[in-house]
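Starting from the given sequences, assemble the full structure and let the hints guide the process.
Chain by chain, the residues run as shown.
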Amino acid sequence: MAGKVFRSFMPLFDRVLVQRFAPETTTKGGIVLPEKSAGKVLRATVVATGPGVEDKDGKLKPVTVGPGDEVLLPEYGGTKVTLGDEEFHLFRDGDILGKFSN
Amino acid sequence: MAGKVFRSFMPLFDRVLVQRFAPETTTKGGIVLPEKSAGKVLRATVVATGPGVEDKDGKLKPVTVGPGDEVLLPEYGGTKVTLGDEEFHLFRDGDILGKFSN
Amino acid sequence: MAGKVFRSFMPLFDRVLVQRFAPETTTKGGIVLPEKSAGKVLRATVVATGPGVEDKDGKLKPVTVGPGDEVLLPEYGGTKVTLGDEEFHLFRDGDILGKFSN
Amino acid sequence: MAGKVFRSFMPLFDRVLVQRFAPETTTKGGIVLPEKSAGKVLRATVVATGPGVEDKDGKLKPVTVGPGDEVLLPEYGGTKVTLGDEEFHLFRDGDILGKFSN
Amino acid sequence: MAGKVFRSFMPLFDRVLVQRFAPETTTKGGIVLPEKSAGKVLRATVVATGPGVEDKDGKLKPVTVGPGDEVLLPEYGGTKVTLGDEEFHLFRDGDILGKFSN
Amino acid sequence: MAGKVFRSFMPLFDRVLVQRFAPETTTKGGIVLPEKSAGKVLRATVVATGPGVEDKDGKLKPVTVGPGDEVLLPEYGGTKVTLGDEEFHLFRDGDILGKFSN
Amino acid sequence: MAGKVFRSFMPLFDRVLVQRFAPETTTKGGIVLPEKSAGKVLRATVVATGPGVEDKDGKLKPVTVGPGDEVLLPEYGGTKVTLGDEEFHLFRDGDILGKFSN
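Chains as they are written, first to last, in the working numbering: chain A, 1 to 102; chain B, 103 to 204; chain C, 205 to 306; chain D, 307 to 408; chain E, 409 to 510; chain F, 511 to 612; chain G, 613 to 714.
To be clear, the hints were calculated from the coordinates, so they are not data collected in a lab. As the structure is a computational prediction, the values presented were derived from the model and not from experiment. Where a beta carbon is used, it is the ideal one built from N, C-alpha and C, also for glycine. One or more hints might be untrue.
Cross-link-like lysine-lysine pairs, in silico, DSSO-like; alpha carbons within 30 Å at most [claimed, not checked]:
1. LYS284/C to LYS507/E
2. LYS265/C to LYS163/B
3. LYS61/A to LYS99/A
4. LYS158/B to LYS56/A
5. LYS711/G to LYS362/D
6. LYS711/G to LYS673/G
7. LYS362/D to LYS405/D
8. LYS566/F to LYS59/A
9. LYS201/B to LYS163/B
10. LYS99/A to LYS163/B
11. LYS507/E to LYS488/E
12. LYS469/E to LYS265/C
13. LYS158/B to LYS609/F
14. LYS59/A to LYS161/B
15. LYS405/D to LYS367/D
16. LYS56/A to LYS365/D
17. LYS99/A to LYS158/B
18. LYS569/F to LYS609/F
19. LYS571/F to LYS609/F
20. LYS163/B to LYS365/D
21. LYS201/B to LYS260/C
22. LYS365/D to LYS158/B
23. LYS386/D to LYS263/C
24. LYS386/D to LYS609/F
25. LYS59/A to LYS671/G
26. LYS469/E to LYS163/B
27. LYS61/A to LYS80/A
28. LYS362/D to LYS99/A
29. LYS365/D to LYS671/G
30. LYS566/F to LYS673/G
31. LYS673/G to LYS265/C
32. LYS158/B to LYS201/B
33. LYS609/F to LYS566/F
What the simulated footprint calls covered on chain G by chain E, stretch by stretch (three residues with Cβ under 8 Å from a Cβ of chain E suffice, anywhere in the stretch; the number is not a length) [to be verified]:
34. 621–631
35. 673–685
Dropping the structure here:
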């Protein structure tokens, strides 16, 4: 189960570990993701985040998303990471397009 | 209806979610968008905006447009996003060319 | 007439909306623009400007040109915009080469 | 043995010296790294780190990982270094994707 | 005559309007510019300058050359401008290589 | 002898003058550099350094290595310099990968 | 003679005007520059320098070399300048590799 893996992995800086929705999933909010967008911009769940980066005065700027958030990812970018036998992706906080509220 | 979708989606940072006008639409201000510019710079309506980005002193700089604003988009750029079964685009606030007043 | 259009359109940030002179125009100052430079660096009239951009301390830096100014545009760059049935161009304030005084 | 080598080598600035896991290794946390990811993003052990870099006010910003940490490396990048007869890699602290807690 | 033109044209920011010497000209200082360098780095006379650019604290930094100065231009760069029926060039103040004193 | 040369040559800014080890050398620390890495990342001895560069407040930031230090060079980069009849290389302080302690 | 020329030419900003040694010259310090490096990194004499550039607080940062200094130039870069009938080169102060003390 993914739960175990992300609890033992801590992204560094402003990196965010996400797990993409399966292409055929219907989201909790009832929004259906059409087939044709499957290989493109997609929804994912945040599983772990880094602490953020320090601004020029040394103050930590936390990331804008948190574990459990449903987010919209850009079509390109991110780093594929295999933890356990599951596939995750790492994105910079600033590359995440938006989040869904319920 | 688009109303439902953008109420549940929050762009991050200085991103602005817009919905383009249908190519054959005549705008409220009575300005007719000629056919030949259909695939080019276009008008769109802002449906949701991010909170903005922090400047170097950590003060939030809000975006310059708001929901309902009619804006002029650049010909290129932006990220196509499919929410529900409608098509939207995300642009950086700084990439929006201008807005129309009524 | 262009007057109506630019009064309803507000460029954002440091963008400047200009309308190029017709290629065969003789300027008010009596300077004749030779045919061979028609496709190149050209004179234009500023029709609307953005409010400017904020400097690093959050103070608004207004643009250096204003509506009615006759300016010299660079040969390349700018974004063509069709408003009403007339053609305009948007340039960054910093890309405008100079202005003409009368 | 690697221990001797890294004790005599000090990376400069924010560089981190790591030694990659052998492709077939099972990690301490019990997570098995599948064969197919062997040539890609990989786990490694930090063997030595630089002191960090100074921020704009001259205050040293230490690196975020330390000797013994198990880290996740990006697929590309880093500099291969041969010390003694063993192979190491140098990465910038900011290029390390995350670390594993036990 | 060039005098009229540059009096009615004001370069913006740190731009400098110059007029190149004719290739066969002998300079006032008696230095002869050999034929073979004609298409290369060349001397020119400053005819008008912009007010300069503001530094990060909003203080205007004037340009380092003034009208009448004889300057050395880099071989490449600059923007050709036709004013009246004469040819000028616009260079950034920082791209001008040096000036000649008499 | 190299001693004479580097005493009369002062690198500027944060440049570091190094002399590479001969490919077949065994280092003092007893670490043998294998043949196959000869054309790659290599050890060298620092012979002279620049004073460093000033930070944004005008305070001199000295370089992190000094004459006599044994350092690890990156595989690529640096500038070959022939002083007397010996070959040296100039590297930026920040490009030197690490140093060896004895 | 070069003396006359560089007295009438003032480089701007942090530019440094140098005159390369003739390829067969033996330097004052007795260091012979081998033939094979003739087209490469070379020694030159500084003939004139700009005043330097201002740092972010508007304080002038003078250049690090002065007229008469013997310097080591990088193999590539610089701008060839013909003044009178002699050939000079302009380099940025920061591109000069080092200087020779006597």
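Item to check | Hinted pair LYS566/F and LYS673/G, Cα distance within 30 Å | outcome: Given that 30 Å is the threshold and the Cα spacing comes to 11 Å, the pair holds.
Checklist entry - For the pair supplied as a hint, LYS362/D and LYS99/A, is the alpha-carbon distance within the 30 Å limit? => result 33 Å, violated
Checklist entry - Taking only the CA atoms, is the gap from LYS571/F to LYS609/F under or equal to 30 Å? => result With Cα atoms ~18 Å apart, LYS571/F and LYS609/F stay inside 30 Å; holds.
Next on the checklist: Would the hint linking LYS163/B and LYS365/D be met if the CA-CA limit is 30 Å?
Outcome noted: Judged against 30 Å, a Cα distance of about 28 Å means the pair holds.
Checklist entry - Is it true that the CA of LYS284/C sits at most 30 Å from the CA of LYS507/E? => result Outside the cut-off at roughly 39 Å; violated.
Next on the checklist: Tell me if the straight-line CA distance from LYS405/D to LYS367/D falls inside 30 Å.
Outcome noted: 18 Å, holds
Next on the checklist: Tell me if the straight-line CA distance from LYS158/B to LYS56/A falls inside 30 Å.
Outcome noted: 7 Å, holds
Checklist entry - Taken at face value, is the distance from the CA of LYS163/B to the CA of LYS201/B at most 30 Å? => result 18 Å, holds
Next on the checklist: LYS469/E and LYS163/B were given as a pair; does the straight-line alpha-carbon distance stay at or below 30 Å?
Outcome noted: Cα-Cα ~27 Å, so holds.
Checklist entry - When you check the alpha-carbon spacing of LYS569/F and LYS609/F, does it fall within 30 Å? => result 25 Å, holds
Item to check | Agreement of LYS158/B and LYS201/B with the hint, judged by alpha carbon distance not exceeding 30 Å | outcome: Judged against 30 Å, a Cα distance of about 27 Å means the pair holds.
Item to check | Holds or violated: LYS99/A to LYS163/B, with C-alpha atoms at most 30 Å apart | outcome: At roughly 20 Å apart (the allowed maximum being 30 Å), LYS163/B and LYS99/A satisfy the hint.
Violated hints, in rising order: 1, 13, 23, 28 and 35; the structure is consistent with all others.
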